[in-house]
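J.: Sequences and hints are given; from them, build the entire structure.
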Amino acid sequence: MKDIKIEVNKLSLYYGEKLALNEISMQIPRNKVTALIGPSGCGKSTFLRSINRMNDLIPDVKITGEMLVEGVNIYDKNVDVVNIRKKIGMVFQKSNPFPKSIYENIAYGPKINGIKDKKQLDEIVETSLRQAAIWDEVKDRLGDSAMGLSGGQQQRLCIARTLAVSPDIVLMDEPASALDPISTSKIEELVHQLKEQYTIIIVTHNMQQAARTSDYTAFFYLGELIEMDKTKSIFTKPSKKQTEDYITGRFG
Amino acid sequence: MSSQNPTTFSFTKESLKKQFRWSEFLAEKIISGVAFLSIAIIFLIFIFVFKESLPLFSSSKTVEKTEIQVTSTTQPETYGAPTEDLEPETYGTPTEDLTAIDVVETNELEPETYGEAVEELTVGTEEETPKITETNKEGKNNTWSTFLSCEWFPVSENPRFGLIALLIGTLKVTIIAMLFAGPLGVLAALYTSTFASKRAKEIIKPVIELLAAFPSVVIGFFALMIMATFFQNLFGYETRLNAFVGGVAMALAAIPIIYTISEDALSAVPKTYTEASLALGASKWQTAFFVTLPAAIPGIFAAILLGIGRVFGETMIVLMATGNAALNSANPFESVRTFAATIGSEMAETVFGETHYSVLFFIGSLLFVFSFGLNALAEFYVKGKLIKKIQGK
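Sequence order for the protein chains is Y and H. Per the working numbering, residue 6 is the first one in the first sequence, and the count goes up by one each step. Per the working numbering, residue 17 is the first one in the second sequence, and the count goes up by one each step.
I should point out that these hints are in silico values taken from the structure, not numbers from a laboratory. Certain hints may be false.
Interface residues of chain H toward chain Y, partial, derived using beta-carbon atoms under 7 angstroms [what the hints assert, rightly or not]:
{"no.": "1", "residue": "Thr288"}
{"no.": "2", "residue": "Ala292"}
{"no.": "3", "residue": "Ala298"}
{"no.": "4", "residue": "Gln302"}
{"no.": "5", "residue": "Ala311"}
{"no.": "6", "residue": "Ile313"}
A few chain Y residues that don't get close to chain H, going by computed Cβ distances all over 10 angstroms [stated by the list, open to error]:
{"no.": "7", "residue": "Glu71"}
{"no.": "8", "residue": "Leu126"}
{"no.": "9", "residue": "Asp141"}
{"no.": "10", "residue": "Gly156"}
Heads up, the beta-carbon is just placed ideally off N, CA and C, and yes, glycines get one too.
T.: In structure tokens, the structure reads:
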């Protein structure tokens, strides 16, 4: 693990009084896919959302510790949260395209970043949609409402929308949990291609998905990071008993 | 066997037989009855209001004598007969007495106006009818031609009913009111739904909504006594009570409606849209203006239409604050007279059945038609084209 993109030092997060993350320390490598696994309520989504400070939206959240992205602590007082999110994109569990046209969905991000040139926008829209492997399906109806797409297409549209602002890191919160196997495999394929350009962190409940798509896997349990290693080692010879119990399904 | 425990009954043809549930049947019928009744009441109100203005139409065209007789015979059906049937019930004998006296008077004094219907009541001689309607014809032709003029002199020797002046007044006040109430209401709603802290929202929302419960006469009084003087000192115009003062006062009445409905629409925008936008690196303002607001457009448009409806039909505030002079000018600092205020101020002074009386009811029907048209516009244009334009096909 040489090239480190994100370094987390003793990050703790409280929802009011409740401790949700307990002194998490980990290193996330550049241009690799890191999967976060663990049972529901173990804090993996909370951890993911704290990487681009989406937890700021929830009242009464208190965070201690450091989250260094390229050496910069994003919880530093002088850091602008809007700029962080421009560099750290996020794809949500439930696909959430805007109630606008397909084109406008993708062009929204570049537009708020000040790109006004129509030609440039067209180009960004096309490359983003191509990257998300949905261009061929929607190229003839860019003016149609994004709400008319199928669930799998909507999710890939959301990925394209995230890519359109050219982030460094893409966070994915169970991106395929609501999709059928065909759409899921398309998304997984996509994740595989995208890691060449982006650092990807993906939360998943699906152990096979973690095994298939990721290079590294981190296992969370009850707000603590139990173990993080190469995916291969986690799934073949985990060093902790809890991890083994979980991935073999003998948990609880 | 018939008194089986419902949870343990077996699947036999007997136990699965269709049952007739009296209470459910009754409840269903009562509910649908109430629904139809409320629709019917609205229709009846419209029909009644429109019917009162019918004398304007019945003899407005240049008609042959024979046709006049037709109208005079058809009219009792629409107008005369109901009064015979209904009025004795409601007013009892006094009406009969009164109309009887009226007839004598109207026949002598004002043959222009209402001759036909009243006659039928007292069974006047048939020969008189054509004559009266003939005079009616001329008078009412004049009435119609004055509709498009800009002069509102309903009680002069030569009465002129210039609806255009009233229309201009109504539109002027409505536009001024919406210029204030629209942006203020929508932006206040946007603030409370997206920027305000939970605590601030808990205070602001009820306070603005409280304004909706304000009696309009109080707002009118406030406008009349305080706002009018204040604005006059501020802008230094001549007429103290004018469209601007009335419009601003009406905005006060319309803001709570616009605010409440747009706030609901904005709050109903899924949080996932906001999250998605913020995760793309949009600021709070960008998210509010480019995602939340467009997503709530249908609701906001409905809010504005309701606001326009409120302003259009509002009577007390305009009556008190606009000066009530039917002028034909585009200057917002001159007195105006609106449709609603005209009905409100003149209805008590008209003679029952006179042309002026019918014109006021005609204005009432116009208000009805306008609000109906407004809603139709919202339904077909907004829900169809506008939303497609904003939110994709």
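J.: Work down the list of hints and note, for each, if the structure agrees.
T.: Results for each hint:
Interface restraint check: H/Thr288 against chain Y, minimum CB-CB distance 4 angstroms, threshold 7 angstroms, status holds. A distance limit of 7 angstroms between C-beta atoms decides the matter here; for H/Ala292 the minimum to chain Y is near 5 angstroms, and the interface restraint holds. Proximity of H/Ala298 to chain Y holds as hinted, the smallest CB-CB distance being about 5 angstroms (cut-off 7 angstroms). The criterion of a C-beta within 7 angstroms of any C-beta in chain Y is met by H/Gln302, whose closest approach is roughly 5 angstroms, and the hint holds.
Annotation: interface hint on H/Ala311 holds; nearest CB of chain Y at approximately 5 angstroms, less than 7 angstroms. With its C-beta approaching chain Y no nearer than about 9 angstroms, H/Ile313 sits outside the 7 angstroms limit, and its interface hint is violated. Look at Y/Glu71: its CB is around 22 angstroms from the nearest CB on chain H, clear of 10 angstroms, so calling it non-interface holds up. With 10 angstroms as the threshold on Cβ separation, the claim that Y/Leu126 sits away from chain H holds: the shortest Cβ distance comes to roughly 14 angstroms.
At roughly 19 angstroms, the least C-beta separation between Y/Asp141 and chain H is larger than 10 angstroms, which holds for a residue marked as non-interface. Remark: the non-interface label on Y/Gly156 is consistent with the geometry, its nearest Cβ contact in chain H lying 14 angstroms away (cut-off 10 angstroms).
The structure fails hint 6 only (numbered hints given earlier).
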